[in-house]
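Residue numbers (the working numbering), protein chains in the order written: chain Y, 1 to 239; chain B, 1 to 388; chain U, 1 to 555; chain X, 1 to 291; chain V, 1 to 364.
The set of hints was computed from the structure by calculation and includes no laboratory data.
Heads up, some of the hints might be wrong.
Residues from chain X shown here face chain V by an in silico Cβ test under 10 Å; the list is partial [stated by the list, open to error]:
id: 1; residue: Gly83
id: 2; residue: Pro85
id: 3; residue: Arg88
id: 4; residue: Ser106
id: 5; residue: Arg235
No residue lacks a Cβ here, since even glycine has one placed at the ideal position from N, Cα and C.
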Amino acid sequence: MSVNLQVSNLTVTYGAIAAVRGVSFSAAAGEIVTIVGANGAGKTTVLNALCGLRTIGGGAIVLDGEDITALPPHERVRRGISQVPEGRRLFGRMTVAENLEIGGYTRSDRAEKRHDLDHVLELFPRLKERYRQLAGTLSGGEQQMVAMGRALMARPRFLLLDEPTMGLAPQIVDLVLESIKRVNREGVTILLVEQNAYRALEIADRAFVLESGEISLTGPGDVLLNHPQVRSAYLGFDG
Amino acid sequence: ETVGPVTDDLGVVEIPKGQPILIGGYSSQSGGDTNQGIDELRGAEIAIGDAGGSVLGFPVKLIGEDAQCTAEGGQTAASKLAGNRQIVVVVGPSCSSGARVGAPILWNVGISSIAFGATSPALTAPDRPDGFKGFLRSVPNDLKSGQFTAAYVYDKLGLKTAATIHDGSPYTEQLVQAFAKDFTAKGGKIVAAEAISPSDTDLRPVLTRIAQSKPEAIFSPVFVSSIGFLLRQKQEVPDLKNTLIIGGEGTFSANTIEAAGPSIVGFRIVGPSTDLFSSQFPKFVEKFRSEYGEAPIGGFSAYGYDATLLALDAIKAVGKTDADGNLYIGRKALHDALMASKGVSGLTGTLTCDANGDCGAATYAIWEFVSDDPSSFSPGTNPKRIYP
Amino acid sequence: MTFAAVTSSYRLERRRGGALAEALRIGLFGGLAAIAFALVGAYTIMDGRPVIEGVLTLAQTVLVTIGLATGAFGARAAGAAPAATRLAHGAAAGLLAGILLAALVLLVSSVNLRATLVAASPALVRALSFGLGLASTRALACLAVGGAMLGLAGSVLTVLPPVARRAVVAGLAAAVAAGLFRDVFASILDNVPGLRGLESAIFGFSGVNPAAAVVLCLAAAALSVGRSALRGRALSERSIALRKRIGLALMIVAILALPLVTNAFVAQVAMLVALYILMGMGLNIELGLAGLVDLGFVAFFAVGAYTVALLSSNTPFAIAHVSFWIALPIAVALAAVAGLLFGLPVLRVRGDYLAMATLGLGEIVRVLVLSDALAPVLGGSQGIIEIARPRIGGLVLNTPADLYYLALAIAAIVGLVSWRLQHSRIGRAWLAVREDEDVAQALGIDLVAMKLLAYTVGAAFAGAAGAVFAVLIGSVFPHSFQLLVSINVLAILVIGGLGSLPGVVVGAIALIGLPELLREFGEFRYLFYGLALVAMMHLKAEGLWPAHAKETSHV
Amino acid sequence: MSDVLAHPSRGPASETLLDVQGLGKSFGGLAAVRRVDLSVARGSVHAIIGPNGAGKTTVFNCITAFVKPSAGIIRLDGARIDGLPAHRVAAHGVARTYQNVRLFESMTAIENVLVGEHRRLKSSFLGVVLRTPGHRAEEAEARERARAMLDFVGIPHRAGTLARNMPYGDQRRLEIARALVGQPKLLMLDEPAAGMNPAEGHALVGLIERIRSDLGVTVILIEHHMRVVMAIADRITVFDQGAVLAEGRPTEIQADERVITAYLGRRATAAEVEAVEHLSEEASIAEAGAA
Amino acid sequence: MTAAAETKAPGPLSEWLRRSTWVDHILLAIRIVVALVVLVGLVGSIAADTYSAESWISFIVFGLTIGSVYALIALGYTMVYGILRMINFAHGDVMMVGSFAGLFAANALAGAGVTSALPLLALPLILAAGMAAGALVSIGIERVAYRPFLHVRSLAPLICAIGLTFILEYSARGLFGTRNRAYPGFGWMEGSVVVFGITLQIVQIIAFAAAIVMLAGLLAVVRLTPLGKAMRAVAEDRDAAALVGIDVARVIVATFAIGGAMAGVAGVLYALVFKQITVFMGFFLGVKGFAAAILGGIGNLGGAMLGGLVLGLAEALGPALLLEGFHIPAPYQLKDVIGYGMLVLVLIFRPQGLLGERLSTKRA
Ligand SMILES: Nc1ncnc2c1ncn2[C@@H]1O[C@H](COP(=O)(O)OP(=O)(O)OP(=O)(O)O)[C@@H](O)[C@H]1O
Ligand SMILES: Nc1ncnc2c1ncn2[C@@H]1O[C@H](COP(=O)(O)OP(=O)(O)OP(=O)(O)O)[C@@H](O)[C@H]1O
Ligand SMILES: [Mg+2]
Ligand SMILES: [Mg+2]
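Working from the sequences, and respecting the hints, build out all of it.
Below, the structure written as structure tokens:
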């Protein structure tokens with residue numbers, strides 16, 4: 001079960017503005033790759049382009065040797081790409097249970113799904129308490145858990161996470177990061193966008209810095225963690 | 001104004017040799033009254049066809065405009081026709097509201113108009129404003145039909161109580177009022193005066209209400225769809241099983257039979273009465289069907305035919321050609337000729353115009369449907385004339 | 001249809017087959033369009049109406065347009081393929097369309113379909129056989145080959161350089177427009193002294209003369225080439241501004257002079273357009289700014305009209321006999337009160353619920369006005385007639401042209417008021433309410449007050465329109481206040497561009513003016529109106545003149 | 001600049017600006033908030049922290065009349081504001097931002113701020129229609145103030161940008177500007193630092209500091225970024241399961257065993273150590289900032 | 001304010017007065033006025049004693065019959081609306097198309113002798129024809145009025161749907177002519193049965209039963225099938241739905257097809273009950289169906305059913321029940337006033353309709 005994602009020369013524009021310009025990177029199977037960048041650098045845009053929510057202006061996306069650039073989003077899900085989107089995007093008028101269940105929409109293996117569901121509820125026990133509540137009425141943090149769970153239910157091979165710890169209490173942040181690592185250990189390749197750059201870089205195998213839509217730095221996670229430029233601009237350590 | 005051999009106070013239309021004589025037409029071609037308007041203009045087309053498509057050796061062309069059934073529609077369509085100086089005469093419109101604003105606009109530029117559907121008595125009242133001087137109509141006005149119906153129900157049938165139903169259109173409302181007025185004057189009693197809307201499909205509640213007052217007859221000059229629902233649903237209201245329903249001439253068509261199905265049998269309508277009507281009408285319907293793929297929907301196509309007949313006759317009477325073969329028609333002369341129309345045998349009877357522009361045959365009869373087979377429609381046999 | 005409509009961030013695109021398959025698909029659609037055109041009966045009727053005298057009838061014009069469009073789209077589907085391929089694809093598409101139409105003719109001539117399809121008549125076969133013998137092989141071949149030729153011609157358009165393409169299209173459009181709008185142009189020529197002779201030179205009895213058509217075509221093409229040449233040159237900012245100003249001045253002159261140089265019909269249409277502009281500006285306050293969907297808008301129009309009728313009619317229904325100038329403000333005030341009364345019950349109703357609630361209220365008003373119950377007061381279905389016309393001194397505003405100026409003056413005032421409101425705290429508060437009620441309220445905006453104000457102001461504008469309408473017609477009938485009016489006003493707003501004042505004007509011209517001028521289509525007018533609605537939305541979904549994209553700087 | 005934005009009614013009338021007593025809110029069977037008492041001192045920055053779903057946002061919603069509390073009394077400056085419709089609560093001087101940014105998306109930044117000024121502007125309908133001099137002057141003033149406010153929160157260059165096209169961080173600032181420009185007594189920020197990286201969070205701390213000191217506005221903020229909270233809060237209230245778990249000065253709170261258990265989590269010991277270390281690191285930064 | 005005053009619980013009235021605004025007062029006044037009018041009307045009508053008990057029962061039966069037609073239309077409306085937030089203004093005309101397709105099928109079947117040979121088989125075939133035609137037209141509407149505007153925030157779909165209303169009506173007029181078409185009956189359907197002393201037409205029972213069957217069927221689809229789940233997901237957030245692997249385009253087409261098929265069924269059943277159809281019948285029935293859907297709470301299937309029946313009952317019973325007491329002439333002319341008036345009143349007090357969920361306000 002090896003996944004290899006190859007992005008070359010990705011360009012995305014909004015009207016006249018190029019939000020992402022010529023971005024190329026790759027992720028090998030089993031890696032955690034982190035994208036760091038300021039507000040508006042284009043991180044979300046890159047993720048959306050990867051899962052097909054943005055029509056791209058140029059470039060190619062190749063998954064396991066197959067060019068998926070022109071595929072619609074749902075086809076990409078079937079090929080193992082899953083996203084925890086920015087702002088969670090839950091189905092607010094469905095219950096937590098239904099949200100999780102629909103996460104496995106593309107799958108037909110009932111027993112396996114059942115197993116994965118238990119897994120998710122074990123990961124986030126809070127969701128068990130809120131199991132029949134409408135997702136739209138959950139607190140911010142609870143919603144984030146559902147979003148994670150929903151993406152996991154698709155049993156992705158390649159998981160895109162857009163600020164998964166946003167709005168989470170510190171104790172849950174740990175939990176989420178821990179679960180990301182765990183999911184990764186199970187063989188899922190991870191592309192992580194995170195404002196909490198410190199924690200993100202800690203767990204990253206490789207990382208790159210996005211600045212105004214272009215990659216400005218790239219390297220192993222721990223190297224970037226100690227890179228002076230990163231430390232001053234994204235970690236808040238002056239000097 | 002003098003053009004060629006013709007001098008006329010209101011102006012002269014010059015038609016070069018080989019060009020068509022233009023007759024304007026305006027009627028309801030969209031909205032709820034589409035059927036009526038289209039029927040009428042098609043009737044007009046057939047009249048032109050029957051004249052061989054030409055008068056005095058000149059081809060005749062009908063320019064139809066949509067006036068809907070509203071005042072503003074009539075106004076717009078009439079202004080459009082009035083703007084075309086080649087138009088000799090106009091037939092239409094379908095509705096009194098449109099005629100009220102449209103006719104003066106046309107007369108203002110010297111064009112006479114002959115309505116085929118606007119039945120409001122005010123339009124041909126002796127004290128009508130000058131703007132209406134150019135207005136004539138081939139359809140009789142509401143008062144006459146009201147009088148006739150009242151006389152039939154009260155005097156002939158000896159019924160003392162009646163109910164009325166109109167559909168909120170000025171036409172049916174006026175008919176119902178005219179009937180009620182005469183019926184009460186004779187000593188009868190209107191026990192229920194109800195109204196529906198043309199878009200209603202379920203009339204059983206209204207009928208149930210009417211049934212409470214046990215009228216001996218119901219007069220309802222509504223149009224084909226509504227009469228279809230009314231007749232069919234009457235069967236489901238036990239107290240009305242034997243009540244006589246009398247409709248208006250708007251339903252004088254084969255389509256009424258189709259709409260009402262088996263319940264049509266015994267349905268009586270007030271319609272024009274002459275023998276001519278009976279002999280010519282089936283041929284007209286046949287022509288209509290072969291031309292347009294369906295028979296007339298309501299009863300007004302014949303008035304469209306007759307209005308056009310009057311127009312063509314008048315043109316024939318006043319048109320003058322010069323040496324080059326160009327045709328000249330004086331507008332005032334044409335108007336005078338129209339007003340002087342006399343004894344024209346039209347589809348609905350013998351047409352004679354009175355001083356106020358009423359040219360309708362004005363003799364009525366009661367017709368009764370005797371069979372529910374739409375193809376049996378043929379005035380005389382089905383419906384059968386039962387009075388006088 | 002709320003503003004909170006769910007939208008996707010990406011387009012759902014159809015996967016396309018090969019270019020030729022695509023071309024044939026377009027050919028299929030072209031053929032079906034032509035068949036539909038014939039089978040609804042439009043062909044036979046429009047065949048009697050010459051556009052270019054003796055050369056082209058209206059029906060043929062539509063058919064030719066379908067053919068050209070089929071070819072052009074068929075060729076375009078081939079993308080950047082070599083010109084020969086594109087021409088071939090265009091011709092193939094056209095040929096397919098032609099064959100389909102020929103098949104229809106064959107079918108209609110051999111099987112009697114009239115029990116189901118009333119227009120499948122011998123007349124149709126006659127018309128589509130072009131005098132080459134009823135459904136003869138020659139006639140059928142002519143249809144098929146004609147389709148291919150037209151398709152080819154259409155595809156030629158796509159391979160031409162843009163300048164040439166624009167010129168050809170402009171030329172053809174000019175010739176057809178001249179024939180189509182003959183009456184309007186003829187009346188202008190007729191009204192301008194010295195041009196009368198020109199009228200008979202250019203126009204025949206119902207269309208344009210062939211020679212004149214050729215001249216017009218060439219002239220328009222030349223003009224188009226000239227414009228293209230001009231466009232190519234870089235213009236200084238000042239000259240652009242100057243041109244804009246000249247354009248604006250010309251437009252104002254044209255608007256003011258319109259009824260003077262044309263006839264009563266054009267004035268009448270212009271008048272209706274002005275009325276709908278008034279109503280459009282009213283609904284723009286409610287819907288465009290405050291986001292309150294209102295499908296009962298016609299009720300305010302009715303209140304205005306009936307108020308004037310009751311105050312200045314010459315019938316027993318009148319409760320007073322005052323001049324229009326006194327009745328007008330009263331009508332506006334009463335309409336405003338009606339707006340307030342409408343607004344109150346539906347304050348907490350949102351989105352589509354609001355649409356239905358207002359539709360219901362509008363229908364209630366119409367039914368009441370029509371009803372026998374209120375007939376003693378409002379005239380019922382017989383309406384109220386003999387409404388006195390406005391006078392200025394001794395001058396009676398009687399003709400549509402006079403009333404057009406009246407409506408125009410009122411529209412100008414209303415436009416100014418709208419503009420000022422829109423660019424004030426009130427307008428901003430409306431926009432805020434439209435965007436997010438909760439947040440607006442949390443910022444201290446009194447939702448109730450702002451919504452009621454929107455209803456009141458919008459209704460007042462509609463009331464003014466109704467007042468003018470009453471004197472224009474000289475009578476009021478309940479049948480003038482149908483749901484369709486509300487729908488039309490709504491469509492004007494959307495087609496023009498929600499929240500945009502010039503949009504209202506453009507929208508009204510497009511939706512009220514054009515159909516009136518398209519009366520030639522007779523009983524098919526509404527069919528073409530529907531097609532135009534769909535087409536316009538497809539061309540510009542955000543409206544013909546959208547509210548300013550206010551963005552001035554980015555990043 | 002600050003004179004345009006200056007707050008007219010400064011100076012304490014009483015110590016307590018916001019006083020919440022016995023606030024309760026339940027959704028169906030779920031008691032999201034139970035008998036919460038909260039009092040916020042004038043001129044302070046008061047932080048609310050607590051696990052996800054503890055009811056923090058719900059308290060905000062109750063105060064701003066976004067939802068109707070099931071029980072309790074809320075006073076602002078001594079006046080009862082519970083039960084009033086939202087716009088009247090705003091009129092008493094309460095403004096807020098939202099956990100998920102809620103801007104008027106198809107309006108530009110400056111228009112968003114101008115809407116925030118609505119309450120301050122007094123032009124009447126007639127004034128607007130007739131374009132009276134008073135109205136024109138007010139309008140010009142309002143624009144100037146709006147620009148100054150955009151400047152104050154650090155996004156003057158975005159004035160003409162449509163709100164929906166702005167990056168997230170700028171949207172958050174714009175939301176603060178929109179809330180502030182109406183001259184509230186109390187500004188309520190719901191997770192203002194969410195989605196910001198630590199460096200940006202730092203800048204936010206400076207902004208809040210200036211809101212308090214330059215504009216004299218009392219601030220309540222909900223936040224999960226401890227770094228921000230510790231750096232700026234005068235007092236902290238900790239919520240857990242809809243009730244107040246603890247309240248005190250930051251140093252008291254970070255030492256509170258219950259808070260550490262409920263909020264920072266007790267899982268692997270290593271993680272706990274790390275978390276506490278993290279916390280003290282934040283605190284030292286906060287102290288450095290305060291000095 | 002002293003502590004003592006505080007602790008004393010304020011009376012509910014004074015508390016209400018403190019919280020309420022003038023709008024609340026006016027709404028209260030409206031409530032009282034309506035209650036009074038209804039009361040006076042009721043008392044007056046009952047005092048007038050115009051109608052017998054049988055008549056009242058008939059009114060109820062009539063109301064339920066037309067109500068089930070409204071409900072059938074409303075179901076399709078609500079279905080499409082619930083998923084796509086689009087008022088498909090052309091829905092009524094889809095119904096008209098379905099009705100005509102059913103008519104042609106019926107004529108063909110009668111011509112082929114199927115109707116007389118197998119009368120029970122004919123009905124499903126005719127319904128199938130109506131459904132197929134409705135679904136096809138509806139898919140066309142999706143293509144023209146919906147798909148191109150998926151990514152824009154505009155009222156364009158509404159305007160296109162209005163345009164399509166004209167196109168469908170006037171095309172049908174040109175194609176089929178304007179005449180009223182009689183719908184063929186089937187022998188077994190013509191009669192009536194007597195239940196508890198009430199005479200019921202068999203077609204009325206069929207219409208009512210069909211509405212319930214369709215409701216159940218739709219509920220089953222939406223609640224139980226994967227397609228239904230996907231529909232609800234698409235309804236909420238299209239992007240998110242795509243992210244969990246749902247083919248959004250397919251779901252939308254399926255929704256339109258189902259909605260169109262519902263309209264087709266409604267068209268055929270309408271025609272069976274009322275026996276004649278015309279090309280212009282769709283518009284007003286469509287508006288009524290829309291009203292019923294809103295009344296019940298749009299997007300809610302059970303609500304559509306309830307809304308249709310309530311609206312039908314209001315129209316049939318309202319004039320007799322309320323207006324009779326005021327001695328208003330031609331009360332049935334005002335049935336729309338009652339129907340729409342009731343709609344507005346319901347919305348005043350339940351802005352989300354009878355069974356609708358409160359329009360989800362975004363969470364703060
Ligand atoms: N729909 C849109 N229309 C126009 N511009 C947009 C749109 N969405 C994003 N942008 C712009 O594109 C750029 C990149 O945005 P993006 O959301 O990808 O940033 P990001 O790195 O995810 O930021 P954040 O950390 O705030 O989430 C920004 O400048 C933003 O303003
Ligand atoms: N409208 C609602 N209906 C039902 N339950 C709700 C509603 N709003 C909030 N809740 C519940 O109330 C509880 C408190 O929610 P609240 O949003 O106040 O939490 P919070 O403290 O702000 O959490 P977070 O830090 O995650 O934002 C949660 O369990 C949530 O699910
Ligand atoms: Mg982002
Ligand atoms: Mg929260």
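Which of the listed hints are not met by the structure?
5
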